[in-house]
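Asks: Protein chains in written order, with the working numbering: chain A, 23 to 343; chain B, 135 to 667.
Since the hints were made in silico from the structure, they are not lab data. Among these hints, one or two may not hold up.
A few chain A positions that, by computed beta-carbon distances, are all more than 10 Å from chain B [claimed, not checked]:
1. D53
2. L54
3. T120
4. D128
5. G135
6. F149
7. G163
8. A169
9. R236
10. L243
11. E245
12. T250
13. R255
14. E257
One-sided and incomplete, this derived list gives chain B residues near chain A with beta-carbon spacing under 8 Å [unchecked claim]:
15. L317
16. S320
17. A411
18. L427
19. L509
20. C510
21. A516
22. T517
23. L605
Every residue, glycine too, gets a C-beta built ideally from N, C-alpha and C.
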Amino acid sequence: MAASSGANETAIVISGLRKSFGATVALDGLDLTVNTGEVHGFLGPNGSGKSTTLRVLLGLLRKDGGEVRLLGGDPWRDAAQLHRRLAYVPGDVNLWPTLTGGEVIDLLSRLRGGSDEKKRAALLERFELDPRKKGRAYSKGNRQKVALIAALVSDVELLILDEPTSGLDPLMEGVFRECILGEAQQGRTVLLSSHLLSEVEALCDRVSIIRRGRTVESGTLAELRHLTRTSVRAELGASPVGLDRLPGVHDVLVEGSRVSCDVDTPHLGDLLRELTRLGVRDMTCQPPTLEELFRRHYADDRDAEGPRPAADGASRVAASR
Amino acid sequence: MNAFAGTGTLVRLAIRRDRILMPVWIVVFAALAASSAAATVGVYPTVQSRVAAAEAANAAPSIVALYGPVFDPTSLGGIALLKMNAFGALLVGILMIVFVVRHTRAEEEQGRLELMSAGVVGRFAPLTAALLVALGSSVLLGAATAAGLIGAGLPVGGSLTFGLMWATAGGTFSAVAAVAAQLTESARAGTGLSLVVLGLSYVFRAMGDTAGDAGPAWLSWVSPIGWAQQIRPFGGDRVWVAAISVVFVLLATGFAFALVQRRDIGAGLVRPRPGRAQASPLLGTPFGLAWRLQRGTLLAWSAAYLLLGAVFGNLASSVGDFVDTSQAREVITRLGGVKGLTDAFLSTEFGMMGVITAAYGIQAALRLRSEETALCAEPVLATGVSRPRWVASHLLVALAGATALMALAGSVAGLAYGAQTGDVPAELGRMLPAALVQLPAAWVLTGVAMLLFGVAPRWVAVAWVALVASLVIGELGSLLSLRQTVLNLSPFTHVPRMPGADFALAPVLWLVAVAAGLISLGIVAFRRRDVPA
Chain A
23 MAASSGANET
33 AIVISGLRKS
43 FGATVALDGL
53 DLTVNTGEVH
63 GFLGPNGSGK
73 STTLRVLLGL
83 LRKDGGEVRL
93 LGGDPWRDAA
103 QLHRRLAYVP
113 GDVNLWPTLT
123 GGEVIDLLSR
133 LRGGSDEKKR
143 AALLERFELD
153 PRKKGRAYSK
163 GNRQKVALIA
173 ALVSDVELLI
183 LDEPTSGLDP
193 LMEGVFRECI
203 LGEAQQGRTV
213 LLSSHLLSEV
223 EALCDRVSII
233 RRGRTVESGT
243 LAELRHLTRT
253 SVRAELGASP
263 VGLDRLPGVH
273 DVLVEGSRVS
283 CDVDTPHLGD
293 LLRELTRLGV
303 RDMTCQPPTL
313 EELFRRHYAD
323 DRDAEGPRPA
333 ADGASRVAAS
343 R
Chain B
135 MNAFAGTGTL
145 VRLAIRRDRI
155 LMPVWIVVFA
165 ALAASSAAAT
175 VGVYPTVQSR
185 VAAAEAANAA
195 PSIVALYGPV
205 FDPTSLGGIA
215 LLKMNAFGAL
225 LVGILMIVFV
235 VRHTRAEEEQ
245 GRLELMSAGV
255 VGRFAPLTAA
265 LLVALGSSVL
275 LGAATAAGLI
285 GAGLPVGGSL
295 TFGLMWATAG
305 GTFSAVAAVA
315 AQLTESARAG
325 TGLSLVVLGL
335 SYVFRAMGDT
345 AGDAGPAWLS
355 WVSPIGWAQQ
365 IRPFGGDRVW
375 VAAISVVFVL
385 LATGFAFALV
395 QRRDIGAGLV
405 RPRPGRAQAS
415 PLLGTPFGLA
425 WRLQRGTLLA
435 WSAAYLLLGA
445 VFGNLASSVG
455 DFVDTSQARE
465 VITRLGGVKG
475 LTDAFLSTEF
485 GMMGVITAAY
495 GIQAALRLRS
505 EETALCAEPV
515 LATGVSRPRW
525 VASHLLVALA
535 GATALMALAG
545 SVAGLAYGAQ
555 TGDVPAELGR
565 MLPAALVQLP
575 AAWVLTGVAM
585 LLFGVAPRWV
595 AVAWVALVAS
605 LVIGELGSLL
615 SLRQTVLNLS
625 PFTHVPRMPG
635 ADFALAPVLW
645 LVAVAAGLIS
655 LGIVAFRRRD
665 VPA
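Let the hints inform the model, and build the full structure from the sequences given.
Replies: Below, the structure is given as structure tokens:
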């Protein structure tokens with residue numbers, strides 16, 4: 023699989039990647055393909071193996087098994103050469119306490135082979151970062167900005183970002199999105215690990231969802247939306263009976279004449295016909311989101327691992343499971 | 135909320151974190167004292183032999199400067215534990231400084247304190263907990279040491295006061311560290327500041343002890359090390375002197391609490407100024423980064439070495455004044471020298487500096503590990519910097535830094551001694567090689583640190599054990615009459631004892647080869663292992 027894809031079309035090809043830390047299995051046959059020029063969302067709950075995958079890609083961790091190709095090379099053997107062609111923003115950004123933000127940006131971009139002065143100044147301004155502060159004086163969000171700017175000023179083919187907005191405020195998240203879309207327009211490949219679905223939906227061409235070290239879904243947003251459910255709430259003329267026997271309808275809750283349920287998007291029409299027959303007084307329809315898909319896999323995960331906390335029982339997904 | 139709320143929990147946390155380290159150190163200290171006491175019992179069986187040895191030691195300013203005087207020449211404990219008095223107090227001080235900073239400023243710097251302060255933890259609780267455990271450990275250390283000495287056959291009274299002496303040293307430097315930890319924003323700087331105070335205490339004591347009747351003998355009394363030493367175990371057992379240390383601990387901790395009251399969490403008293411918006415051209419390579427991170431430390435070490443070199447160079451000339459008797463020779467020989475009293479003194483001092491330089495090398499090399507655990511290695515290794523290049527940058531600071539330190543100390547000692555004998559070039563020509571010849575042995579320990587970093591990164595602290603073992607073998611090996619195979623384990627055993635002895639190429643080459651081998655193995659192992667988050 024990996025052998026046939028050249029460096030030109032495919033920036034990253036991972037197949038069957040395995041990695042354990044002692045008895046803990048972090049990656050259990052993970053697959054990931056990132057095409058050159060696309061913004062790829064890498065989704066998964068905490069502890070699902072996103073960072074481990076990225077760290078294998080960077081040659082920081084050694085794989086136990088499987089195939090990994092990065093920009094046409096072997097990330098473990100050719101680490102230093104490959105790293106000149108990519109920039110990485112770690113999930114936990116820790117800066118040297120005695121170096122200023124400006125110094126860190128210059129240092130990291132120089133170690134990568136130089137930076138663009140104009141772009142540096144523009145990014146400092148857009149992210150509203152004071153480059154003269156010492157590392158220990160920055161907040162988490164500002165440390166993340168330093169790492170982001172250091173990555174964005176470099177002229178590289180591939181950006182690997184590990185939950186880059188986890189410390190940013192909503193305004194800065196917006197700036198970040200603009201920057202990433204700009205990079206994508208210039209043809210750069212972006213691998214964006216995240217657990218923020220809105221972010222991935224806004225930025226990514228394709229998405230891979232992983233769970234417990236394995237890829238569970240992968241595809242374009244349109245393909246994945248097809249797998250998701252629309253949630254419907256309605257106030258009806260009569261109390262409905264047997265809605266849950268309709269194909270593709272799940273999680274039906276009936277309180278008198280009010281009903282809420284989820285429906286697989288392909289079966290939305292069937293449900294609407296039935297509701298209309300009963301007489302609709304009021305209805306809200308929530309469009310399918312990645313969150314839905316994510317939560318379905320996530321909920322499976324939690325079920326498998328033990329009883330859920332009572333507070334979760336109130337959530338919509340949980341109601342019928 | 136009560137400002138001391140949560141102290142009990144934090145005390146348990148501190149004990150939990152150091153449940154192995156602290157007991158091990160306490161046992162090491164107690165065993166060190168007991169074994170040197172036990173070893174000396176057979177060496178000086180009669181009162182006459184002790185008096186002769188003690189008078190010889192007291193007549194040598196260099197020995198008094200390094201270890202302090204023997205207060206009661208007739209006592210066995212006095213001569214047996216000469217090396218353990220002030221010097222031992224110094225080591226106990228280092229232990230407690232590291233401990234207190236580790237549990238106060240280091241916690242704060244890493245943000246863990248903030249996490250806990252948000253819970254039911256009062257403003258004073260972290261410092262109180264660290265001090266309680268440090269003072270408790272000091273008392274335990276003193277008690278264990280006293281028990282060990284009694285077991286070794288020394289008088290009960292002297293043994294107890296000796297334990298008291300070490301306990302007060304631990305207490306005073308816990309308090310010093312408590313204050314320093316409030317002043318600086320970084321744990322590194324806090325430890326450094328405390329160690330400077332410790333070093334000055336030692337130097338003041340040395341100057342006071344060697345001052346003689348006309349000189350400033352009072353200098354011993356402005357030094358916390360002096361206060362501990364003036365308790366005079368086995369030489370009067372002046373327990374009341376410990377009151378000075380107790381008062382000092384109360385005042386200093388009170389001051390530390392006052393500082394806690396005044397400052398914000400995370401902040402020191404010295405506000406950081408804004409720095410450069412752009413990096414200097416130097417900061418663009420791995421070595422530039424390693425240099426930038428380590429230059430401050432190297433500068434501080436250089437200042438200390440300048441002082442040490444000058445002190446030793448000056449003291450060397452006074453060694454000749456001292457009564458040249460056969461007992462004196464014997465004492466000097468037993469304390470580590472070979473031939474020629476001045477040269478014996480100097481070679482001993484350079485040997486000691488070699489071990490201290492090895493400590494510099496280890497801590498500089500272990501910066502690799504602290505960079506890794508602080509997640510600061512990851513962004514660098516994710517750029518075009520290969521792993522060997524990154525390792526080499528910090529190793530270069532370690533190896534070249536050690537070389538610079540010894541060259542500095544040797545030159546200054548040569549200048550100072552030469553100025554007194556009137557022949558600077560000749561003395562410089564003798565001292566500089568004598569200093570530099572220590573380096574291969576120090577590099578071997580840097581190699582041990584590097585090997586550990588590559589093979590067993592969680593166990594890098596074992597490098598310090600190797601250093602302490604070398605120190606014990608070198609300082610006490612002949613006293614403990616260890617077998618040659620054991621002595622050979624220390625790289626410093628193989629260093630030609632210069633000045634005095636001839637330079638020997640073979641052992642030096644061997645040491646360099648061993649150091650190179652250890653470093654290469656470490657680099658190969660590091661290339662093959664994970665760099666975990």
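Asks: Against this structure, judge whether each hint is valid.
Replies: Comparing the hints with the structure gives:
1. D53: Holds, since 22 Å exceeds 10 Å.
2. L54: holds, 18 Å
3. T120: violated, 7 Å
4. D128: violated, 4 Å
5. G135: violated, 6 Å
6. F149: Fine: 14 Å to the nearest Cβ keeps A/F149 off the interface.
7. G163: holds, 14 Å
8. A169: violated, 7 Å
9. R236: Non-interface label stands for A/R236: nearest chain B Cβ at 20 Å, farther than 10 Å.
10. L243: holds, 29 Å
11. E245: Non-interface label stands for A/E245: nearest chain B Cβ at 32 Å, farther than 10 Å.
12. T250: holds, 32 Å
13. R255: holds, 39 Å
14. E257: holds, 45 Å
15. L317: This hint is violated: B/L317 lies away from chain A, its Cβ roughly 15 Å from the closest one there, beyond 8 Å.
16. S320: holds, 6 Å
17. A411: Holds, about 4 Å.
18. L427: This interface hint holds because 7 Å falls under the 8 Å limit.
19. L509: holds, 4 Å
20. C510: holds, 6 Å
21. A516: holds, 4 Å
22. T517: With a closest approach of 4 Å, the B/T517 hint holds.
23. L605: violated, 31 Å
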